[in-house]
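Asks: These are the residues of each chain, in order.
There are 2 protein chains.
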Amino acid sequence: MAKVKKTPRPKAETPKGFRDYFGAEVTGRADMLRKIAGVYHRYGFDALESSAVETVEALGKFLPDVDRPNEGVFAWQEEDDGKWLALRYDLTAPLARVYAQHRNDLPTPYRRYAMGPVWRNEKPGPGRFRQFYQCDADTVGTASPAADAEICAMLADCLEEVGIPRGDYIVRINNRKVLNGVLETMGVSDEGQAADVLRTIDKFDKVGEAGVRELLGKGRLDASGAYIDGVGLNDAQAEPVIAFLTSKGAGNTETLANLRGAVGESAIGVEGVDELEQIAALLEAQGYGPDRIVIDPSVVRGLGYYTGPVFEAELTFEITDEKGRPRQFGSVAGGGRYDDLVKRFTGQAVPATGVSIGVDRLLAALHAKGRVESEAHGPVVVTVMDRERMAEYQAMVGELRREGIRAEVYLGNPKNFGNQLKYADKRQSPVAVIEGAEEKERGVVQIKDLILGAQIAQNATLEEWKDRPSQYEVPRDQMVAKIRDILSEHGLSEAL
Amino acid sequence: MAKVKKTPRPKAETPKGFRDYFGAEVTGRADMLRKIAGVYHRYGFDALESSAVETVEALGKFLPDVDRPNEGVFAWQEEDDGKWLALRYDLTAPLARVYAQHRNDLPTPYRRYAMGPVWRNEKPGPGRFRQFYQCDADTVGTASPAADAEICAMLADCLEEVGIPRGDYIVRINNRKVLNGVLETMGVSDEGQAADVLRTIDKFDKVGEAGVRELLGKGRLDASGAYIDGVGLNDAQAEPVIAFLTSKGAGNTETLANLRGAVGESAIGVEGVDELEQIAALLEAQGYGPDRIVIDPSVVRGLGYYTGPVFEAELTFEITDEKGRPRQFGSVAGGGRYDDLVKRFTGQAVPATGVSIGVDRLLAALHAKGRVESEAHGPVVVTVMDRERMAEYQAMVGELRREGIRAEVYLGNPKNFGNQLKYADKRQSPVAVIEGAEEKERGVVQIKDLILGAQIAQNATLEEWKDRPSQYEVPRDQMVAKIRDILSEHGLSEAL
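Order-wise, the sequence lines are chains A and B. Under this note's numbering, think of the first position of the first sequence as -13, with each following residue one higher. Under this note's numbering, think of the first position of the second sequence as -13, with each following residue one higher.
Here chain A stands alone, though its shape is the one from the complex:
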């Protein structure tokens, strides 16, 4: 007989570059987002949730590549009108669209925060996913440096709120206008050459001062042996860039003086230094000294993208990387001023400034420092000894839940009691409750402290084992109280 060809079973797998998040991974992130939202809210920022889907036209950035409108984004064409739609790749492009669309109803300035997933159609790599969370706050409609200062102060507050203590982070501020002033002083007016200088500055972190000098001049042999062509400036021309990058002094006052030297007579440069001075003064007056927020001209990330002040938050403590080497944790948030946000839509320039916190990196940092509960505990498990008395077991978890204690009845096949305890183990339950026919008759329940049980099984000598029982028999009406005691002994909050 011929076999009927069946449709093959679908594969149970996420698409490449996507992943699932379980239990504490989800609630840990939700907690962090809630704390950050609380700070944003207290600063007067309003929540905004735009849709995940935008027209490719509104997202904009990818339009030049007309043949492949889905370059970098996930995009598809509407069936009825042929319009291209796409998943948002960040939260800033949608903000521009929202502000342009609703500007008559929104207050000016408009302070808004947004948090949620964004999508990038990129080649996934280890630890690099095509869906990840962003958590942004932006102020649209004011050019005042007070808005930039406020964003920086709020960023520092957010880091402390989620558990990064003062001293373990630093917010660094730089200004694109200062760099523009430096370029002006150098006599670099050609846009191509200016872009070359920017690209070189971006390598400062990697190649250092000497490397930047070479790259601004004739060029440089890189580590791989390849020769990198230089920008072709002479030494004197290159000097102001070096002065700019290395102008960080012992304090903001000294740094600002050095920057004034670097920009010389350039009007835009002087404006940039003035802005930094105002920001630093506002922050210091509110108690955000340079131990938390500092002017640092070596911050180059984002200088190409932003139009004014740029900010970056770094965690300064060391962690051990996967090869066991100590390294600084690095950047967890960045932002700055970008003034052409809304212009694409309305033709009118609207000044804006904002910050984006990398929630997943920040969570990773807290995990690395052991500052979040990595060992998540499951619920109290009430075992089923007698299938007919399911209602009574349900009543037990009801009592526990009413007292705020997370609890559940075992709902698998109760025949094999070992399986029930294995289940409690897999759930990382702190406590199991047992009430068989014999206990029922005597009006008691057995309460197993599973955390202590595991500790004893691992470490205890026979003597200790005898001295420290991990199972207690208590009258039925003392069940909740005893479980509460056990949980608090282990430092577990009732809600687990």
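Derived by calculation from the structure, the hints in this document are not laboratory data. All the given hints hold, so there is nothing to weed out.
Each pair may be met inside one copy or between any two copies, as identical chains are not told apart.
In silico lysine to any residue, SDA-like type, Cα no more than 20 Å apart, as pairs:
(1) Lys21 with Gly9
(2) Lys21 with Glu11
(3) Lys426 with Pro400
(4) Lys329 with Gly46
(5) Lys(-3) with Asp91
(6) Lys412 with Pro93
(7) Lys468 with Ile420
(8) Lys2 with Asp67
(9) Lys412 with Ser456
(10) Lys21 with Gln120
(11) Lys21 with Val345
(12) Lys234 with Arg287
(13) Lys(-3) with Gly68
(14) Lys468 with Gly422
(15) Lys69 with Lys109
Since the structure is predicted, the reported quantities are computational estimates derived from the model, not experimental observations.
Starting from the structure of chain A, add chain B where the hints point.
Replies: What follows is chain B alone, placed relative to chain A:
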């Protein structure tokens, strides 16, 4: 001179069927989700967040239509391997994929909750959007009716937790197996005819008992004058369906007796009635009486989709619709048992049961009943009277925030003071603070109670106006205390 043709400006608009959510719309939903998650968690359910994007293959439902894999979903093709990806259309299909993929690492039974947006590629209509929230809880891996009972109890708890008081909601339970038993008794074994009967039953809500009788028989002239063909059963054959649909008695005991009559000797039917009996007994033992959760065979929604018990939560209070007519609010949640969830992937049947709460409908219900703060207040606004003293104004909001009071400095152009008050008005600020040079010299600040001011402006006579000033002068060091007083007078929590 020839004009250079410019690219037209992009339109600032959401794609058709999508919308933006602002301020209290976002935080109100987040609060509700947090409360529901709290109940789910207390019941031992674990959070799961799967990616928004799945392979079309894994989503499954749409596969038969091979030529247009994006029927009903938003789908696109990967560039490198040609695979079709799509946005999830619910949270159940991803759960099936996750369970099949991770089943060796997950506990059995696996209780999980999930909340987030889902997407439907459908024609949008008024109030119908192509992105909306779902909030699900499911138990995978147990066939026990105790799992169904638990879901129903949890659903009732969730409704009360978000502010629907007892008496304003009812959870109704029915069972697909009972209907299957009825069909067996009727001698309907042909699948096509069974499907016809199911479709007819689905119209019970609309056409009532008499209508269903006609539709099961020869057919029926509908309201529009069109003749609807009937299923073609004779009166005797149709009787058990009618008995099933109308078997609701004064209490669960009577209903169950009626159902036993309707299913006769059918084994599957008896099994279904037994399950309902167990569920009712478990719930009543825990105090969930028929005033909250009741067996109701007239619940027909979902009977075609689910394989065992089905649940539906309805709000029973009346609201006024857009035409001013009173109507019942209706369904806000539904669910049931579906046992073929994971089989598509693994070939093994895995029993599962769950519920989905329609968060947006539930929010609408709370709004309709005035049970959520519809008038959201903005932050306290500190006005800027003297641009040079920005740092001092920033210090004021700093003090307020440290006391948990939401506050901001006006960051627009401060020249026109009227604009500052207009801004505070647009922000729905409860309080504005004013400190000009003269106040500064005398060590005081002016505090405007904007809520009282608006009330007076609307209602007060001249006498009252004189008696009830809405602006106070207080010493600078009493600013926070005075603002706290004003907020509490208006019943506003400090966090606003």
